[in-house]
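Colleague: Residues per chain are reported as follows:
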Amino acid sequence: MSGLATLETGLLLGLYALLAGIWGVLWALAQFRRTPIVGHSAAAAYGLHTLVALAIIWWTPLGLGWKCLIVGSSLAFLAIPPITWRLLQHTHDKEKVGA
Amino acid sequence: MYRSQTLAVKYLSAAIALFGIMTLFGLISAYYYLNPDFLFGILPFSIAKIVHINTLVIWLLMGFMGSIYWFLPGELGRETAGIRAAEVLFYVFCAAVAVVAVVFIIVQYGSSNEVALWLINQGRKYVEAPRWAALGIVVIMVVFAYNVIGTAIAARKTTGIITVLMIDLIPLILLYLIAFPAISNMSADLFWWWWLVHLWVEATWEVLIGCIMALALMQLLGTSRRIVETWLYIEVALVLGTGILGLGHHYFWIGTPNYWLTIGGFFSALEPLPLLGMVVHAVYDAGAQHMKTTNRPAFYWMMAEAFGNFIGAGVWGFMITLPQVNLYAHGTQWTVSHGHFAFWGAYSCGVISVLYLVLQKTRNLAFVDGPLWKWSFAALNLGLVGMTGALLVSGFVQAFVERAIGGSTLNAFISGQENAWFVDGMVARFLLAIVFTGGYVVLVWDALSLGRRAPAVATVAAAQ
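Chains as they are written, first to last, in our numbering: chain A, 37 to 135; chain B, 523 to 986.
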């Protein structure tokens, strides 16, 4: 990998993870604030995350296996906030019933 | 108050004092990059860095121990077993840390013989403490494990959190035994040394802080045990599942087989996934409580822990964890940037959160708030984020100029160090380290004066 490609790849990978985090936070906030802007911002963050994932796949010299990992991680990042949320609600609801 | 909780206050006080020494020596280490002649012939950079890194390890360890000594009696409904030994060992621990620090600063180094290993420095990063002190740490940790396990046996009960903690203490102690070097082959030595460093930081310590945060959540937000324990099990399983084999992401340039690089890259690339779950959990808790709490600093530091862990360990780690990037970034300021952010987010914020919880109880405050904690929160976090940003820029230069273009020769190293972007990054890091230090001073001021200032009394009255 060339010097420039190292920096580009590193930055893209960081941006990729950061946007996944922003997506998760905004998605969770949208569950509390039913205003559409927060939900739209969450979707926009995940859209940007997907664009960065595509940039990693097309532009960077990472091997095929690592690119598959990026695709798989993006899908996992998409699923984690709603799954976590449902689990949290489930445990809290069970607790309320128990009480 | 239980004796164990009095001991906890002492441990947390010692931890915060060591946090200050770590900060001071970090500041000194940062200044060497601007003025390499600084303290020439008196205190070399290598020694300042050793003190900086070792006090980091010890202040966090003391913070964890203090947190456990605080929560343990309440959790198991009785005084901590073997509390007398723990009290004596606290003073032994403090004295040993002081002696080791004085030896590091004054004696600095010795000959390459057994005497130097026993009395001055074992020479392995993060665990440089001389052998006598390392043995002392083992004794202290064994007594600490006895305190936890013995209390559970004496109380004839345990909880999910305490069970996880008891299991965690076994590898925590066993892994530290690697701190005693006996291998003359450097590759083999580094191979095992990473087991200690990585599996402490990214496995056993993660579980330890997970237990502490679970106990703190119950006290701070009144979250039910069932919820906290369910999430502790899930998060510990996910963090361990991705963290243990992430070990391979350290195995660069030390002669380990290539397959470790792939294994390490793959598993550590999965680490942001559970961390995202923790961030969502933090938002859920904050929203469910409507950001209302009787201890605002503890609450905000706990939130900072969840977000800081994701950004420092997750985002910063993900930048460098794939082998193609790690090959160049390894051992540069890029990894230093990641290390600073990850330690801060994953551990330091959590210990500060517990500190405020303890202060609330010991000062008998109904409500904790005020301007000082906000200033310290802002300055510490801004300083830390700024430092890691500046280190990142310098790290980019090293990876690019020194490693990728220059091929890691001595000339390339010098070119990297003289590059204007590298130098500017180091200047910015030093200035932001001053901001961080200011935040520390305000933190101590707040901790010392909390509940003794007029506005705090007013807020208590307002809360009532």
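Treat the hints with caution; some may be incorrect.
What the hints assert, rightly or not - Covered by chain B, per the in silico footprint, the following chain A stretches (three or more residues, Cβ under 8 Å): (1) 44 to 50; (2) 62 to 75; (3) 105 to 117; (4) 122 to 128.
These are calculated hints, taken from the structure and not from any lab test. These numbers come from a predicted model, not from an experiment. By construction, the Cβ of each residue, glycine as well, lies at the ideal position given by its N, Cα and C atoms.
Colleague: Does each hint hold? Answer for all of them.
Modeller: Hint-by-hint comparison with the structure:
no.	hint	in the structure
1	44 to 50	holds (count 5)
2	62 to 75	holds (count 5)
3	105 to 117	holds (count 6)
4	122 to 128	holds (count 4)
In terms of the numbered hints stated before, the structure departs from none.
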